[in-house]
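*Asks:* Let's have the full structure, built from the sequences with the hints guiding it.
For the record, the sequence lines run as chains A and B. Position one of the first sequence corresponds to residue 395 (this note's numbering), numbered consecutively onward. Position one of the second sequence corresponds to residue 16 (this note's numbering), numbered consecutively onward.
Quick caveat, the hints were computed from the structure, so don't treat them as lab data. Computed from a predicted model, the values in this text were never measured in an experiment. Idealized CB from N, CA, C, for every residue including glycine.
Here are the computed lysine to aspartate or glutamate pairs in the DMTMM-like style, where the Cα-Cα straight-line distance is at most 25 Å:
1. B:Lys124 / A:Glu745
2. A:Lys553 / A:Asp582
3. A:Lys702 / B:Glu88
4. A:Lys450 / B:Glu88
5. A:Lys454 / B:Glu72
6. A:Lys457 / B:Asp99
7. A:Lys454 / B:Asp90
8. A:Lys613 / A:Asp582
9. A:Lys508 / A:Asp523
10. B:Lys56 / A:Glu740
11. A:Lys456 / B:Asp99
12. A:Lys553 / A:Glu586
13. A:Lys454 / B:Glu89
14. B:Lys56 / A:Glu784
15. A:Lys480 / A:Glu428
16. A:Lys457 / B:Glu89
17. A:Lys454 / B:Asp99
18. B:Lys124 / A:Asp714
19. A:Lys508 / A:Glu595
20. A:Lys702 / B:Glu89
21. A:Lys702 / B:Glu72
22. A:Lys457 / B:Glu88
23. A:Lys553 / B:Asp119
24. A:Lys396 / A:Asp421
25. A:Lys553 / B:Asp99
26. A:Lys508 / A:Asp565
27. A:Lys454 / B:Glu88
28. A:Lys617 / A:Asp525
29. A:Lys450 / B:Asp129
30. A:Lys519 / B:Asp99
31. A:Lys456 / B:Glu88
32. A:Lys450 / B:Asp119
33. A:Lys450 / B:Asp99
34. A:Lys613 / A:Glu585
35. B:Lys56 / A:Glu745
36. B:Lys124 / A:Glu445
Between beta-carbon pairs, the in silico distance windows are:
37. A:Thr643 / B:Arg160: 55 to 61 Å
38. A:Ile718 / B:Arg160: 48 to 54 Å
39. A:Arg779 / B:Asp132: 38 to 44 Å
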Amino acid sequence: MKVIIIGNGVAGNTASSTIRHLDSRADITIISEEIYPEYTACAFPHYLAGEFRRQKLFLKTKKDYSRERIKTIFGQKVIRVSPEEKRVFFDTKSLAYDKLVIATGSKPLMLPLKGVNLNGVFTLKSLDDADQIFNYTGKTAVIIGSGPIGTETSVALAKRGLRVYLVESLDRIMPRVFDERPASLLRDILEEQGIKVLTGEMVTSIIGNGSVGGIVTDKQHIKCDMVILSAGMKPNVELAQKSGLNIGTLGGISVTQQMMTSSRDVYAGGDCVETEDIITGRQTLSLLWHNAKRQGEVIGYNCCGVPKSYPGSVNITSLDIFGINAASFGRVEAEVSRCKDIEIIERHGGENYCRLILYQERLIGAQSIGNARDMGALLFALIGRHNLNEIKQVIGRRAFLPLSPWCYRVARYIAPMTSKG
Amino acid sequence: MQKMLIVNYEKCTGCCLCELVCSVKHEAVSNPSRARIHIVKWEMEGIVMPMVCNQCESAPCIVACPTNARSREEDPGRIIVNYDRCIGCKTCVVVCPFGAVSFDPVAGKIISCDLCDGDPICANFCETEALQYTDASEINKKRQREAAEKLYESVQRFTMAPVG
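*Replies:* Below, the structure written as structure tokens:
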């Protein structure tokens, strides 16, 4: 069986390793536009902060690929795919396949700002981006967009001694991951460390002569010599679209639960696809590492004829802000505040904060600052759609305890359920 | 067959000796909060539960790790951390359903049970045999036998009961 994988990220590599594990004779080729072996962008903030050597970003060496007997074509772009002929086309040549995996990832959302092409304006997506930022000698940086990437980058640059501004157009930092209260606790930590956080403020243009000299928001001018755009990511579906594959309404490649696209024997996974959210059941873009890895696994199994289904995507975020862990999964209250049957449980004890979002007595989200040890149990309560009253029953009956040890982890958050704070 | 660290919850008395010896062995200090096994207690209800890494076959901590620092070793069947790759993001801590992974703030690293390279010290020290490191198939047989004996007794009592 000849398998071609377009994309050298976690989805593509997990698919290839899974196939190799199941089928020692499969002919596997990974094609990538970039020249590098597999690396993890999740470690960029540590690289930028000077805490991690650049070498450590790589998850594989060229030798690792040959050890797994995986052929690689790096630094070349696939310009077209023909699902009818089962061939992928480069500029000058083409290759045939039995199964194709499209794992083309995502790219940064470019804001339509004036001055976006000035020297000193960066996005943070690829290793080339990270290298450029690392080697640029700037003194004051403005980071536009306070999602996890923007926030972690602000921490990294502050650690390197730059003056950092973090600008967010909504009313709190990391708005899709934390509600107001935890977000302001995190904001306090950032500000304590000297990062200037601006919320409810929109950048209107970047100014400068050749190089960045500053930015203009709807409230002020800020002098700076470096701008990082971290306003979100969107799926890379150009190739899939050109090849006639169905693209979903959210802009990601449409796939079945077996991660197959609208063309037979063409699978897709990772940041380039849209998937079903495990809680809501609706289509979502949940462009995260663990989802991509799980999808890669499912693709690998299905390529080898072993039917496996993808259970759905969950948003899980865990980041380190100056030594304090901030974690979140599922929905935030702000997203569902207009629905009925929503209950919030908050616990704030010393250094640790935790908040649970419940819908009809089932957990749909949780956020924690400080100690994240019990979040896993909460996550499984969410995935299993357990009703918290059921869990209370298990905890109350000694005989049942050994049957579900993780219930214990959840216990301290729901007993008693009526008290707050 | 592969050996497993089995927890017999009914036998745990909550003495916490396992926590002590674990921290001594791994971190060279007697400090239960730095152990890889934790005894969760509900004092008022009289419930004690040892919680330790279950060395899951399809571990959420391995899927979630953004630098592929966590992986599974087959001999012994355990999950290990490549500290060269670990960035301490604690996503593994967040996704473990058993709270078995923790971040040791003193050593500054992620820790979870590594079965002490095949001779778990907690099992050696557990006086009530609440912790046992034995062949996985053996444990199953023991429980099957215990349940079968109970069933046998009930059946005997039922068939021996006097009629009329």
